[in-house]
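**Q** Here are the chains, one letter per residue:
Number of protein chains: 4
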Amino acid sequence: MFFASDNWAGAHPAINERLMKESTRFAAAYGTSELDRAIEKRFNEIFEREVAVFFVGTGTAANSLAMASVARPGGIAFCHSEAHVIEDECGAPVYFSNASRLMPVAGPNGKMLPKNLEAAIGRFPPGSIHQGQPMLVTVTQATEQGTVYDLDEIDAISKIAKNAGVPLHMDGARFGNALIALDTTPAEMTWKRGVDILSFGATKNGCWCAEAIVYMDPKTAEDLPFIRKRSAQLFSKTRFMAAQFDAYFANDLWLELAAHANAMATRLREGLSASNSARLAWQTQSNELFVVLNKDKAKAAKDAGASFYDWPVPHDMPEPVGDNEQLIRLVTSFATLENDVDDFLRICGTS
Amino acid sequence: MFFASDNWAGAHPAINERLMKESTRFAAAYGTSELDRAIEKRFNEIFEREVAVFFVGTGTAANSLAMASVARPGGIAFCHSEAHVIEDECGAPVYFSNASRLMPVAGPNGKMLPKNLEAAIGRFPPGSIHQGQPMLVTVTQATEQGTVYDLDEIDAISKIAKNAGVPLHMDGARFGNALIALDTTPAEMTWKRGVDILSFGATKNGCWCAEAIVYMDPKTAEDLPFIRKRSAQLFSKTRFMAAQFDAYFANDLWLELAAHANAMATRLREGLSASNSARLAWQTQSNELFVVLNKDKAKAAKDAGASFYDWPVPHDMPEPVGDNEQLIRLVTSFATLENDVDDFLRICGTS
Amino acid sequence: MFFASDNWAGAHPAINERLMKESTRFAAAYGTSELDRAIEKRFNEIFEREVAVFFVGTGTAANSLAMASVARPGGIAFCHSEAHVIEDECGAPVYFSNASRLMPVAGPNGKMLPKNLEAAIGRFPPGSIHQGQPMLVTVTQATEQGTVYDLDEIDAISKIAKNAGVPLHMDGARFGNALIALDTTPAEMTWKRGVDILSFGATKNGCWCAEAIVYMDPKTAEDLPFIRKRSAQLFSKTRFMAAQFDAYFANDLWLELAAHANAMATRLREGLSASNSARLAWQTQSNELFVVLNKDKAKAAKDAGASFYDWPVPHDMPEPVGDNEQLIRLVTSFATLENDVDDFLRICGTS
Amino acid sequence: MFFASDNWAGAHPAINERLMKESTRFAAAYGTSELDRAIEKRFNEIFEREVAVFFVGTGTAANSLAMASVARPGGIAFCHSEAHVIEDECGAPVYFSNASRLMPVAGPNGKMLPKNLEAAIGRFPPGSIHQGQPMLVTVTQATEQGTVYDLDEIDAISKIAKNAGVPLHMDGARFGNALIALDTTPAEMTWKRGVDILSFGATKNGCWCAEAIVYMDPKTAEDLPFIRKRSAQLFSKTRFMAAQFDAYFANDLWLELAAHANAMATRLREGLSASNSARLAWQTQSNELFVVLNKDKAKAAKDAGASFYDWPVPHDMPEPVGDNEQLIRLVTSFATLENDVDDFLRICGTS
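Protein chains in written order, with numbering that gives the first Met the number 0: chain A, 0 to 350; chain B, 0 to 350; chain C, 0 to 350; chain D, 0 to 350.
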């Protein structure tokens, strides 16, 4: 019963088999092998346009190098106030972008409210030398709160970024889960909605180490090879990342895995909604749930071997958490077993 | 006939099997799993003392974070003038160490000459506010030129560093190859000779992605967890690196692999020394050779599918390279086949 | 009628005479002259202990280099949410401190509320690798809102910083004005209350370019000479800064000038309080006032040549600003003329 | 007898009078006053084209911000191996340019040899991801060795920079002295020879703190206001720098002062050339001399109160320095007295 995080899962067998096959060959290093090139082209098909792709080792690297590539002196990137880039990356995006700053923008359910974003950017009109200049807007899809921006919401954010003359970045650490939740395509969820740069995460969804930065307009990525190398993110045997992506994309494995994770989350949501001992703290659409659970049930689950995180109660919690309750986060993954879900539901079920 | 670089090799089957086994399990992320802890302890045994170990994704990351951890304002790190850190890492060590500088120190065969190092450091006495202050000495073992510092040479460098009050770092991208060449132990080649920080490379020697920074005195590494996270080098599924190290160290696999690479290099050296069409540009001790080869033979080898790099002729080349000759670099690895060596020798043999 | 800012004032005649005298001499450069040394010692007397003093060119430089000197990887400095360091320095403190971050702490009247500071720091317990580590608390004295932390309030902030194991910095761009407002001594307002590092500003109070960073414990400033040089803040003819401080301190000129500025502010406060057309937006103690003024009066004042800034209405404004009113900021200085104050009051007086 | 450095001189009376006059006025801060604007325009006249001008506090700041403005990831700036930027600024240009690197280029007499520059740049062809990419060429005019690039030499350097697609920067800490030495105009010595960015120094030549960065093409300077503010180089009372430039340019005072300094150097050169106890180490054209002096004479001069620096003997010294001789540097300035020159010559004269 592993619900602590999707990065507690291992790697999918198909990924491993592909790695195994790759391991017996010799090939050129530092991203110059035929396999590297082939997989970069695969991204073109998936995004229905020519994109520039750069493999990196971590999601934090993807976000940070994306920010580095658009850094401006005194630059400011706008993100949700609870976004991973501002809360959980130890300042890496600030560090890699030549000390550009991150400005938090509030909004319910982990999503920036467009009017708040507009107001935040509006505080930095051209020539605000003492304050700085906007350089990026970044959204997380799916969000840290388990929600998903729908296409119209991305559109609205995108328009504000365009008006401000800055690019739009999407942190897609859980890109596949969001895609399944919206039942849409990579193109529709990104560049057709004005997303310019994407952190495309595969590690949480079945790989063990495969992240990519995708530039929808390759011309904007001309310095990225140098940024990546200088940032110590150009792996010598990068083709082993390419190999993971190869298996990840083959036969739409990645969509299948994300769909499974989401389905397991739905099963949890439905089961817990029906329980007297639990309620959903807020509605989510991806593979994360936030649940207000009876403390005794939570303890029973932990005693039975379930792993999950207690979660700090946000200030805008719709309904208060009672004394005998606690807020927890549950995350499902490609590897979550239906049996584990059902065991957990049984333990946390009707009292 | 792959002699271009040891990072063109794939991964050893034992590494892959261990990865496969790891992939089916759930475990805590970000370096907190039991396996991570167990492997960190394994390093204690290998180095015969308690060390602090941090897994990172690339050799450049290991070198750069080591430099970051000793950075001082106006700081200067001293390295050989052809060291990887100054020549081949796109400025990453400078970048990660808050714009500390690298100062090249000359010396034959890829090794800093102690008197040159002493003179170089001597230009920065305490209080050289306009010039800067020494912060690190770094040696590469084995060197970029295929040579190996013997223990006395490390001692001599170490004494100069200690006199200057700065730590000594070793770039061990080919640590195993050097160890085999010297027939010594990790402890003897490092802290017993005054090495304080080690970039311990395993990628070139049979892993696909496994590098570690080793601090001989854990107290000096207290900020490293933050440095690593901020540098985007804390992998979520870091236990897959731990797993590679697990297999790498089991039954001394790593020493066996390095010994094989070195043996293949020796076989090449001996074969080419006996040829009329080739001569060793200079003596090497590790898995790299630099060979002056008849141009026709070089072409024949390439035509037969051999991969290797032409190498720029250094200014201090002992004997000149003739018009019908060229300088090439050959690198062997854990995966080099004896047959390939013999084929290559046959092509480049006596004319 | 110049009330836009105290940095619109020129320089006091005594400062200029001292500069004139200095200009005819030759002396050693880069802070090594006898005058430099003598003035550094003068700071010891003023602060009643041995301090380390570094002259720099701007208040932003003083704040930024102070932050640089305590920077830690993933480091976080805590400041009031409207502090100059976070709002008005284009990210310089972040930039100079190796991409450390500034964390805003709310509180009324421009002062951090101790419980808010405690909560903010509490979010970063030891080992918060993904979030970062506290490195500094910084207060502004006098604040951007014209208020002044009283000694007990500094004590309270200081205790929280000490508990967190981080130093306390004071941005004293208007140090003299605060000192006069509290009727206390430099020692009492700083190290006796736990302040470790001070940005000591003299530019706003009668010099044209004289700022200093003061370390209450010289041992903590050992790297500062390198930080200052690397930050391009070591002036060649730094003795011209020393000369300004020489005149500034002579016969307590600086206290006299600050007292004058404060007195002019008091005169404005009293006059405007008695007016039907104006009211104080909130109480201030230094040389800044925030006034809600009848729009017609404001226009009349501008037409008569008065300079002052319209000010954005803060969200926690005690009483709303009416449609025919506006919020303005008035700043007095060492050079403010009593006549100008009276002229301004006449224009803005009872309708 | 002050010959230690031109920054040991004070400030010219005309500069001081202008400062005095400025000090009595109120005016807008942070570079927005009418005087600031007027002086910026004065630079247009002096350079015979519309330029963008930014006042900063130190020569190191001017050089560093110039480098920051052209920084590229993995970027490399090429300079003479003994240039101030690489030798004497504690790494500031590296620090401010986001860890770009400085690559030393050798050449006699403090001047880069064009063929050496060409070879140095040639090591970084497009796509040298592991090595980095050229971003700037920078020359010092007059050089650290007291020599001056003639116009043809600047042309030759400039062509190489243009071919490499990188801008050319000139460190003009002693711009006036070079101008007088070449008997040419600012336009001829800069943009007409391909110089794109100039560090225009006035501090050494009669001001006490007045440096400017001049962009020959204002469009290339659009980010400079943010760079300057973020670098803590936007002075609040920047008009006091403008005032210094105002007096500096009035009636060509600056040319007069530089001519005086150069004439004093010529007088020293001529006198010492005629002495049996001294000889010029190499020919210089600006206000610096390097002299091989009899040790007894050197001691006698010091005893008589002369200040000058002993200088390390360069490796390419034309004639060796004898056991009873030493190499010294003499620098004249706008404030050097003819009497002092003659006294010094008398002491160091024919034995």
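One or more of the hints may lead you astray.
Identical chains share a label here; the pair holds if one copy fits it or two copies do between them.
Below, a list of computed lysine-lysine pairs in the DSBU-like style, where the Cα atoms sit at most 30 Å apart [what the hints assert, rightly or not]: (1) LYS294 <-> LYS158; (2) LYS158 <-> LYS218; (3) LYS191 <-> LYS298; (4) LYS161 <-> LYS218; (5) LYS114 <-> LYS191; (6) LYS161 <-> LYS294; (7) LYS114 <-> LYS301; (8) LYS301 <-> LYS218; (9) LYS191 <-> LYS20; (10) LYS20 <-> LYS301; (11) LYS114 <-> LYS20.
These are calculated hints, taken from the structure and not from any lab test.
**Q** Are the hints correct? Go through all of them and say.
**A** Verification of the hints:
1. LYS294 <-> LYS158: This pair counts as neither: shortest intra-copy Cα distance 44 Å, inter-copy 36 Å.
2. LYS158 <-> LYS218: Classified as both: same-chain Cα gap 21 Å, cross-chain 28 Å, threshold 30 Å.
3. LYS191 <-> LYS298: Result: close neither inside a copy nor across copies, 46 Å intra and 49 Å inter.
4. LYS161 <-> LYS218: both (18 Å within a copy, 23 Å between copies)
5. LYS114 <-> LYS191: Within one copy, since 22 Å is at most 30 Å while 47 Å is not.
6. LYS161 <-> LYS294: neither (47 Å within a copy, 36 Å between copies)
7. LYS114 <-> LYS301: neither (42 Å within a copy, 34 Å between copies)
8. LYS301 <-> LYS218: So LYS301 and LYS218 fail the 30 Å test inside a copy (51 Å) and across (35 Å) alike.
9. LYS191 <-> LYS20: Neither: 36 Å inside a copy, 41 Å across copies.
10. LYS20 <-> LYS301: between (39 Å within a copy, 26 Å between copies)
11. LYS114 <-> LYS20: neither (51 Å within a copy, 50 Å between copies)
Figure legend: structure checked against the earlier numbered hints; hints not met, in rising order: 1, 3, 6, 7, 8, 9, 11.
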